[in-house]
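J.: In case you want the letters, here they are:
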Amino acid sequence: MTAVAEIMDYDELLERFDPVLGLEVHVELSTATKMFCGCATDFGAEPNTQVCPVCLGMPGALPVVNGTAVESAIRIGLALNCRVAEWCRFARKNYFYPDMPKNFQTSQYDEPIVFDGYLDVVLDDGETFRVEIERAHMEEDTGKSMHVGGAAGRIHGAEHTLMDYNRAGVPLIEIVTKPIVGAGERAPEVARAYVTALRDLLRSMRVSDVRMDQGSLRCDANVSLSPKGSAEFGTRTETKNVNSLRSVERAVRYEMRRHAGVLTAGGTIVQETRHFDESTASTSAGRPKETAEDYRYFPEPDLVPIAPSNEWIEQLRETLPELPWERRKRVQQDWQLSDEELRDLVNAGALDLVAATVDAGASPAEARSWWVAYLSQQANTQGVELEALAITPEQVARVIELVSEGKLTHKLARQVVDGVLAGKGDPDEVVATEGIEVVSDDSALQAAVDEALAAQPDVADKIRGGKVQAAGAVVGAVMKATQGQADAKRVRELVLAACGQ
Amino acid sequence: MLDRARDTGKNDQGARAVPTISRDEVAHLAGLARLAVTESELDTFAGQLDVILDSVARVGEVAAEDIPPTSHAVPVTNVFRSDVVRPGLSQEQALAGAPAAEENRFRVPRILNEEA
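Sequence lines, in order, name chains H and F.
Residues in the first sequence are numbered consecutively from -7, following the working numbering.
Residues in the second sequence are numbered consecutively from 784, following the working numbering.
These are computed hints drawn from the structure, not numbers from a lab.
Just so you know, not all the hints are guaranteed correct.
[Claimed, not checked] Away from chain F, derived, C-beta distances all over 10 Å, residues of chain H:
#	residue
1	GLU7
2	LYS170
3	GLY207
4	ALA223
5	ASP326
6	GLU397
7	GLU421
8	VAL451
9	ALA469
10	LYS472
[As the list claims (entries may be wrong)] Have a look at the derived ranges for each label pair, beta carbon to beta carbon:
#	chain 1	residue 1	chain 2	residue 2	range
11	H	GLY221	F	SER805	38 to 46 Å
12	F	SER805	H	ALA273	39 to 47 Å
13	H	ALA37	F	PRO851	37 to 45 Å
None of these values were measured; they are calculated from a predicted model.
Don't be surprised by glycine CBs; every beta carbon is placed ideally from N, CA and C.
With the rest of the complex left out, here is chain H:
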């Protein structure tokens, strides 16, 4: 047992240590079939219904590589400014664990398909930090374990484990950074910004669903500390189970503080896998890390090498879509945004949502206003990321359209959006079922205006006398009487007209 050391204060640790990060991101490709067999890859299917002799590791079954997955791997590499291997092989990573029925994972070892790249990451204040990419390689996902008998599905105290192999063999790309040094106090932010940038990139390329909550994007965070000014890296830990962007930042921060506490108390860091606990924002020890030797890698004899020709690589380069940083530049020009406005949009995670809303017919200003203001507030209240809100850009565009057609006031539009967020259907369905509509029938409004003027004769006199700004009180009364369903602008016109203005 290691003695329990204090978690060190963040500022204090920065005075003594420099953090070094290494991030490993696993991306499940959104191909229709698995990496080495033709089984479907649908998320959430009935257990063990997307399996075959190949992914169940039955004797004699032979794998065949999914060409689309290889293309995705190369495209990802190109987008990450990587070099593409002229020739590379798959390798068997041998280990015995029930999540891999073959008793090895087909992966790549010292011949990754792409290597030596970088990703420029924009931090919260707009500064750019370059993260160097070591490599990205192809492999396959493992099956899903369900531990029975223990608390909350964890293995501790479990009596046995139930395996679903639908996920076994789903194509994975593992993207590994070079050691990230020099981030200092911003290391946790750099980690989050990197995973965010990678997610945005992969999403724009449509190669993966990149859903951290569903596990199609997973981040393992390696953290170590060096004594301030020392070039030598400390012992690292690898934190897994980091299931959101916010958790990436919190996990790195926690491990930095924990390492500092242990090291300062004279202890040593154990090289191990650690598990991040979302609820406490802390990590706990997992299994000791195997060494590469323990996996006894060897070239996969059942798969032939991959040797991408230059022509093929150039064809794939042509298929790269507008990448997020290019898109940002264009959007800034098209929408005439200041650097600050663009940054707010990006930081709110709203850029793609706004762009999609604009594509659906809304004006950039209206679309931006909805996502950055009201919808961001709703996301905050719900404690979810903006994109996780139960409303689509198309629905937001429809609400904006209804407002511009005069069928909704801004206030009513919020009610409709609330209805959509509450799962009551499309904007038009919410309008219909909730009976939300602007009272624009002048005769109905006129009656309300007359009534309000009669109730406030002194105000009516003032308006007649030329004090048009006094109309506000009457408009307010009419709006109240019509429960906000009237168009305030029209009410004002009617009030002024009634008073001869």
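Keeping the supplied structure of chain H fixed, place chain F upon it in accordance with the hints.
T.: For chain F alone, coordinates are given in the frame of chain H:
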């Protein structure tokens, strides 16, 4: 030490000292392979593995610098399948060979102190 058992076809180990596999290494390998090996078997297998490694090392002596390591006997590259779903096994077929199944999943013993 275990590097010798791991041929990735690249790293030429250079030195060709007579391999000596220790009992501890045999025990470690057996653990990785989930094999129950008795104390006396450790000595037997250590000797046998020595012979195997020595033989492999002699092959390495023959290989010249200009001969690339061979992992595949046929000079074929880029064999791909199109990304089209093909029928696999039904749930019943998949679970038919399982020693134990529960909730349409394969039931396996818990594994201590490890978590994937």
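J.: Run every hint past the structure and note whether it holds.
T.: Cross-check of the supplied hints:
no.: 1; hint: GLU7; result: 35 Å, holds
no.: 2; hint: LYS170; result: 21 Å, holds
no.: 3; hint: GLY207; result: 13 Å, holds
no.: 4; hint: ALA223; result: 26 Å, holds
no.: 5; hint: ASP326; result: 35 Å, holds
no.: 6; hint: GLU397; result: 44 Å, holds
no.: 7; hint: GLU421; result: 34 Å, holds
no.: 8; hint: VAL451; result: 71 Å, holds
no.: 9; hint: ALA469; result: 63 Å, holds
no.: 10; hint: LYS472; result: 57 Å, holds
no.: 11; hint: H/GLY221 - F/SER805: 38 to 46 Å; result: 41 Å, holds
no.: 12; hint: F/SER805 - H/ALA273: 39 to 47 Å; result: 44 Å, holds
no.: 13; hint: H/ALA37 - F/PRO851: 37 to 45 Å; result: 43 Å, holds
Violated hints: none; the structure is consistent with every hint.
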